[in-house]
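*Asks:* Going line by line, the protein sequences match chains A and B.
Counting with the working numbering, you get residues 1 to 130 for the letters of the first sequence.
Counting with the working numbering, you get residues 1001 to 1218 for the letters of the second sequence.
The set of hints was computed from the structure by calculation and includes no laboratory data.
This structure is a prediction, so every number in the text was calculated from the model and none was measured.
It is possible that part of the hints are untrue.
[Stated by the list, open to error] One side of the interface only, derived from the structure: several residues of chain A facing chain B at Cβ under 8 Å: (1) Leu31; (2) Ile42; (3) Phe49; (4) Val67; (5) Ala70; (6) Leu82; (7) Asp89; (8) Ala96; (9) Gly100.
C-beta atoms are modelled at their ideal positions from N, C-alpha and C, and glycine is treated no differently.
Below, each chain spelled out in residue letters.
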Amino acid sequence: MSSTDDYQPLRGADHAPGDEPAHGREIAEGLLGYLIGLGLAILLTAVSFFIAGTFLVWRPSVPVALVVLAIAQIGVHLVFFLHITTGPDNVNNVLALAFGVLIVMLVMVGSLWIMYNLNQNMTPMHMQMG
Amino acid sequence: MTAFQAGAGYGDGRPEEARGPAVTVFDHADPASKRIIVGYGFWIFLLSDIVMFSAFFATYAVLSGETAGGPSGKDLFNLQNVAIETVCLLLSSFTCGLAAIGARAHNGLMYYGGMAATCVLGLGFLAIEIHEFVGMIDQGAGPTRSAFLSAFFTLVGCHGLHVTLGTLWLLTMVAQVFAKGYRADILRRVLCFALFWHTLDIIWVAIFTVVYLLGAGR
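Here chain A stands alone, though its shape is the one from the complex:
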């Protein structure tokens, strides 16, 4: 990381391709991306908090709605903040993400499934006492 060929003087030096300072249009585009992301994230967050507290919707549907909204918001964060997109220079990032999601799903769904099954098959407490 700190090898000498990394060093770039502030002025009067060549920049590597892709590493030259961003200019007007690039800044504006970047800013717009973050603004869109912020707007969408605030919208989804607001809807989440609203749905959690409201009695306007059928209550049993609330947990599912909250999970869906959270996944949507995570998607917004990934695209607009972390810039994980479908671009050609992003294939490796997307593949790594897909593998991460697979592991996360295995850990969470697997744990919940197994523990639910164990709870189902365990003798209820009051029957043991009686």
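Position chain B against the provided structure of chain A, taking the given hints into account.
*Replies:* Just chain B now, with coordinates in the frame of chain A:
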């Protein structure tokens, strides 16, 4: 520099002619820049961090009902505080993005302004979270009270620890850019920091949904 030199540097030390014709692998027209490679490596680390959090989430989800006669999430959680925490982190994610653009544009106002705002919002988040934890422990709902509370403090506390470390990293990056300027290697560290901070926000989205909103409605 930022791009791997195609071919050169990948040899095994033998002179060119001794390698024979088999070594013509690195003839890509456009090798990835170091910035992309560093970002990819750090992304792998972040995914491993997310996998670690998923284990804490699974633990919490399994134990969330095991209150041992103690207070449940419905009794403890104050959704107004959680909303303020969420706004803090969300805005800090945005200002962190501004700082990342400022760093790429070598724009001091955007970089230092964005980093300062990110730091203030991050510390605000931590202050609210610590206040919440202290309040819970004061009313006898500390991590030792029940399995539910152990899992809660582990999961949310681990995220808070990440935010604390992130804030320290933020201050380090401000100092490094201040002292060394917008050097390519420093800018790559700023990129990694921004990725880290955005990932903390992603984990918080999962926490406020799974722990607070689902827990308060239970």
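*Asks:* Min Cβ distance, A/Phe49 to chain B: is it shorter than 8 Å?
*Replies:* Holds - the Cβ of A/Phe49 comes within 8 Å of chain B, reaching about 6 Å at its closest.
*Asks:* For the hint on A/Gly100, just tell me whether its beta-carbon gets within less than 8 Å of chain B.
*Replies:* holds, 4 Å
*Asks:* Given a cut of 8 Å on the nearest C-beta pair, is the interface hint for A/Asp89 held or broken against chain B?
*Replies:* holds, 6 Å
*Asks:* Does A/Val67 hold up as a contact with chain B if the rule is Cβ-Cβ below 8 Å?
*Replies:* holds, 7 Å
*Asks:* Does A/Ala70 hold up as a contact with chain B if the rule is Cβ-Cβ below 8 Å?
*Replies:* holds, 4 Å
*Asks:* Restraint: A/Leu31 near chain B, CB-CB cut 8 Å. Satisfied or not?
*Replies:* Holds, about 6 Å.
*Asks:* Any CB of chain B closer than 8 Å to the CB of A/Ala96?
*Replies:* holds, 6 Å
*Asks:* Answer holds if the nearest beta-carbon of chain B is closer than 8 Å to that of A/Leu82; otherwise answer violated.
*Replies:* Because about 5 Å separates A/Leu82 from the closest Cβ in chain B, which is inside the 8 Å limit, the hint holds.
*Asks:* Is the interface hint for A/Ile42 satisfied, with its Cβ closer than 8 Å to some Cβ of chain B?
*Replies:* holds, 6 Å
Violated hints: none; the structure is consistent with every hint.
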